[in-house]
Amino acid sequence: MIQTLEPILAEHPLFEGLEPQYLSIIVGCAKNVRFKEGEFVLREGREADTFYLIREGKISVDIYVPNIGALTIHTVEAGEVLGWSWLISPYRWHFDAQVLKDTRAIALDGKCLRGKCEEYKEMGYELMKRFSSIIVQRLQATQLQLLDVYGVRR
Amino acid sequence: MIIDPMLPTQFSIKRKVIENHDTFTFFLEPIEPNNSFSFLPGQFNMLYSFGLGEVAISISGDCEKSLPLVHTIRAVGSVTNAMKVLKKGDVIGVRGPFGSSWPVDLAKGKDVLVIVGGIGLAPLRPVIYYLLNHLNDYNRISLLYGARTPEDRIYIKELETWKDKIDVLTTVDRTTKRWHGNVGVVTNLIKKAKFDPKNTVAMMCGPEVMMRFCGYNLRDAGISQQNIFLSMERNMKCAIGFCGHCQLGGSFICKDGPVFTYEEMKQYLDLREV
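For the record, the sequence lines run as chains A and B.
Residue 103 in my numbering is what sits at position 103 of the first sequence, and the numbering runs on without skipping anything.
Heads up, my numbering is the position in the second sequence plus 1000, with the first residue counted as 1.
Just so you know, these hints were derived from the structure itself, not from any lab.
There is no bait here: all hints are sound.
Okay, derived cross-link-like pairs now, PhoX-like style, lysine-lysine, Cα gap no bigger than 20 angstroms in a straight line:
1) K1192(B) <-> K58(A)
2) K101(A) <-> K1163(B)
3) K1016(B) <-> K1088(B)
Make a model of the complete structure from these sequences and hints.
Here it is in structure tokens:
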């Protein structure tokens, strides 16, 4: 029996409390995916056409620095969202994302969802609010990271 | 207990453990064999490096084992840098214990969140020991630990053993690809921890800016401000509320603290003038 992804989407914090009719629309753009440790999920500079709701595992979001290697900016785990560049022009990834632990996720087709957001403006507004909240949280966390709060003050 | 609070007692270094590049732990025994020592989790001692001066350092051992007296120290100033080069058999002066303690009794029957950043794990290690010794008295226990890098973490082997009994979530601010754990600020861990906000006591220690933002997150998660506790740090001299060096508003950190409720301290956490 094929199980629909709708209940899984409904349980994810990103879509928690979302109107059921919107969930039915979104599920049409969703599919189950799995990634093995070491696999790249996103690559800097490539087209951002998907985002992921992580169900299990761990992924690092990295930036490659010549002569140093990949520096991890943050990690995402179960219950979190990977990727927002699909929502904002020019729809291009700014970082790499590599799997640290085997990962199960729901992949959402960004192009498909952008089209649906244009068609169903209220749903689009709701999604924009939810992604804005994630973007702000990540921005604030990065600002705190930049403070180097555990470093020695001279 | 030390009778005259201004008179240091001589303690000898029985063992020294290097925790990381700038942090070390002393295991101390009194020179006079009849001297015992008891303390509450969260209290601190004034440690005296002869000829240089004193520093306030939290006690980081098990309060149910009177000796050795355990102190984890980060070498950041003249006194602590002098202590860093001391070795087994060397002697330092100890005054204490001083100050208020973590609310381990209030937390009984509740979920417990212990949130620490950097060297802030040391003042809360006595709480971890106490909780581990009395696991049945508490609900879910979570330790959320933020460090600068994986190499800056302290008590690394113990952290692994604690994972068998309590939830231990660790994150670092920066790293290379060798680290497969979490990367990000410690506030990110709060939403990953399992707790009932209506029945949780949170205890946190770390840089004030870290505690300020953790305070916002804990409040937003629904934990009452009376059930959020933090340890404050100021330049302490006398440690008994006489000299005023550590005064913050109407409180002396040495005597009224260092452990306060968030409700008592929140007004100072984002006040630029203090």
